[in-house]
Amino acid sequence: MSDNRNTILAVILSGLVLLGWQYFFNIPQMEKQRAAQQAQQQQEAAAKQQAQPPAATAPGAPAAPATPGAPTAPGATAPAANAPTLSRDAAIAAAPRIKVETPRLSGSMSLKGARLDDLSLIQFRETVDPKSPPIHLFSPSGSANPYYAEFGWVGAAGSNVKLPDQNTVWEQEGSGALTPSSPVTLKWDNGEGLTFRRQIAVDDRFLFTVKDDVTNSGAAAVTLYPFALISRHGTPHVEGYYILHEGLIGYLGDQGLQEKTYAKIDEAKVVDFKNVTNAWLGITDKYWAAALLPDTTAQLQARFSSNQVGATRTYQTDYLEDAKTVPIGGTVSANARLFAGAKEARVVGINFPFAGLGGYNQQLGLNHFDLLIDWGWFYFITKPMFLALDFFFHLVGNFGVAILLVTVLVKLIFLPLANKSYASMAKMKAIQPQLLALKERHPDDKVKQQQEMMEIYRKEKINPVAGCLPVLLQIPVFFSLYKVLFVTIEMRHAPFFGWIHDLSAPDPTNIFNLFGMIPFDPTSIPVLGHYLVLGAWPLVMGFTMWFQMKLNPQPPDPTQQMIFAWMPVIFTFMLAHFPAGLVIYWAWNNTLSVIQQAWIMRRNGVKVELFDNLKSSFSKKKKTA
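Numbering of the sequence shown is given in UniProt numbering, commencing with residue 1 and proceeding in unit increments.
In short, the hints are calculated from the structure, not lab data. Note that this is a predicted model, so its numbers are computed, not measured. A virtual CB, placed ideally from N, CA and C, is assigned to each residue, including glycine. It cannot be assumed that every hint is accurate.
Between beta-carbon pairs, the in silico distance windows are [stated by the list, open to error]:
hint, residue 1, residue 2, range
1, K420, F391, 25 to 31 Å
2, E171, F391, 45 to 51 Å
3, T297, T185, 24 to 30 Å
4, F543, E239, 27 to 33 Å
5, R603, H442, 29 to 35 Å
6, D322, L412, 50 to 56 Å
7, P96, T277, 16 to 22 Å
8, S106, T185, 51 to 57 Å
Straight line, CA to CA, 30 Å or less: simulated DSS-like cross-link-like pairs of lysine-lysine [said to hold, decoys possible]:
hint, residue 1, residue 2
9, K411, K439
10, K461, K448
11, K211, K187
12, K187, K162
13, K274, K162
14, K162, K264
15, K446, K411
16, K427, K446
17, K131, K162
18, K448, K411
19, K99, K264
20, K131, K211
21, K274, K264
22, K162, K211
23, K459, K439
24, K187, K411
25, K274, K286
26, K211, K264
27, K264, K187
28, K439, K427
29, K269, K112
30, K187, K99
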């Protein structure tokens, strides 16, 4: 009975892992390839259409039809007919600018439209090479992929008040760059009695604070609506994994977390959120994001939208606050905030008991801003795993070593259960002669065998299912570590020792080119190349798994022998595609399990048959030869 149960369990677990690998890795890889092909086709189509004027869109036209009688935030506008796509540097140079300099950001804001449209994350590089280009987050209109934030005012329905728009050139009061110690002030006069002033400040991380003032020296009161938007032109490349959200995101008051992928918002066109407070919204990538953080007490009309502007698909998150009336001789103000940067847990903040990471979420009193990081449905496992890794990292300075220490910690936490499980397994081994004698006494009576077997289990106080516990306990830990390695920017480009320069990426070595000694890329082989990936750490993991299985006596059933013999090989090739940090964890966990199991077996008076099994394996191979 126990032999059959173990066989079934091994087959089920192997199947689950294989299905998981197919679902979370293989299918997304094919989707990424298909997306890349579609992107290339779109680029070719766009190149063909450059000679043709795009569909006309009036400046400031909304990205979606406006509700009758109610204003909406401005939307993206089409480029001028036959306007060539400029390089990023050329697009930046096309308008007067104010430099932005912080310890983490570099770039500029355009005086034309007063847009924040040029930001680079100078602490993060495109590759592990520290000399590679920095990550460009925002890019201006006219470049290949515009991405920017804009703030301003919208007039009441039917109003003809002259307001600043994307073509307005603002004037800077004073001079100098925008830095954490020196905010900048912009001014624009509409010539009809309204003077607009905008003060922009930035902290030493990724938060911009915008204060807009409107002074009325005209002959009548004016009603205006403050707005803020983030606009992104062109469908960006996404990782395409089910466990990761990329696209439009927000926490809209009582409506909770709202996530729309680019494909979903393309179908919906517009998603409105009426009369929400304590909200934030934006656009997120895997590691970076831009989010609007309005005052937590402001009542908003928020919106996600997708719109075809000319030949380009644009995506926008925006909100409109309640109306503000500027009396004659009076001034009104509106406050806004923008997060534009890396989704670091210590910066964003974590809503978790005893987390101790007071980022923007706590400092600004935001509503679950920590969900900008995709912790997933099992956040109650994923967050503690990250917090433990983060704690040990700040203690030892290496995330790889932190993974090793967290593995030991997990082993200690589950030590009572694991000890009980291994003790039960040791007793199972001790009664193997009795079970074999049962089969000899009742070779054709399976019912009798089961009855007497259960009686032996009862007398010896053995739980035959207890041996499954070590494997079952490892599954949630494995999943949470995989999630942390995959979604948190702290793991991106985090080195270990030797050849592992990025724990979040697969082992870069490959046995099929003798670990780089042969100048050949096996993965370039058609059809088979995808499977010819096997680094050094996956080999270590496979060896430790095989070593652990040899700790147990070989099952008498040939089918079971074949399953357990091939399982380390299957897992070795399968985990070769997983992040190196995960493979290191599994190898280290296997090693600790071997030591723990051997110690418990010896303590229970059961012979440790590891070397005997190893010797018999090699002797069988010699006999076969």
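Hint check results:
no., hint, result
1, K420 to F391: 25 to 31 Å, "28 Å, holds"
2, E171 to F391: 45 to 51 Å, "50 Å, holds"
3, T297 to T185: 24 to 30 Å, "25 Å, holds"
4, F543 to E239: 27 to 33 Å, "31 Å, holds"
5, R603 to H442: 29 to 35 Å, "33 Å, holds"
6, D322 to L412: 50 to 56 Å, "55 Å, holds"
7, P96 to T277: 16 to 22 Å, "37 Å, violated"
8, S106 to T185: 51 to 57 Å, "21 Å, violated"
9, K411 to K439, "37 Å, violated"
10, K461 to K448, "20 Å, holds"
11, K211 to K187, "12 Å, holds"
12, K187 to K162, "15 Å, holds"
13, K274 to K162, "27 Å, holds"
14, K162 to K264, "36 Å, violated"
15, K446 to K411, "39 Å, violated"
16, K427 to K446, "22 Å, holds"
17, K131 to K162, "47 Å, violated"
18, K448 to K411, "39 Å, violated"
19, K99 to K264, "36 Å, violated"
20, K131 to K211, "37 Å, violated"
21, K274 to K264, "20 Å, holds"
22, K162 to K211, "20 Å, holds"
23, K459 to K439, "19 Å, holds"
24, K187 to K411, "62 Å, violated"
25, K274 to K286, "28 Å, holds"
26, K211 to K264, "34 Å, violated"
27, K264 to K187, "39 Å, violated"
28, K439 to K427, "19 Å, holds"
29, K269 to K112, "28 Å, holds"
30, K187 to K99, "17 Å, holds"
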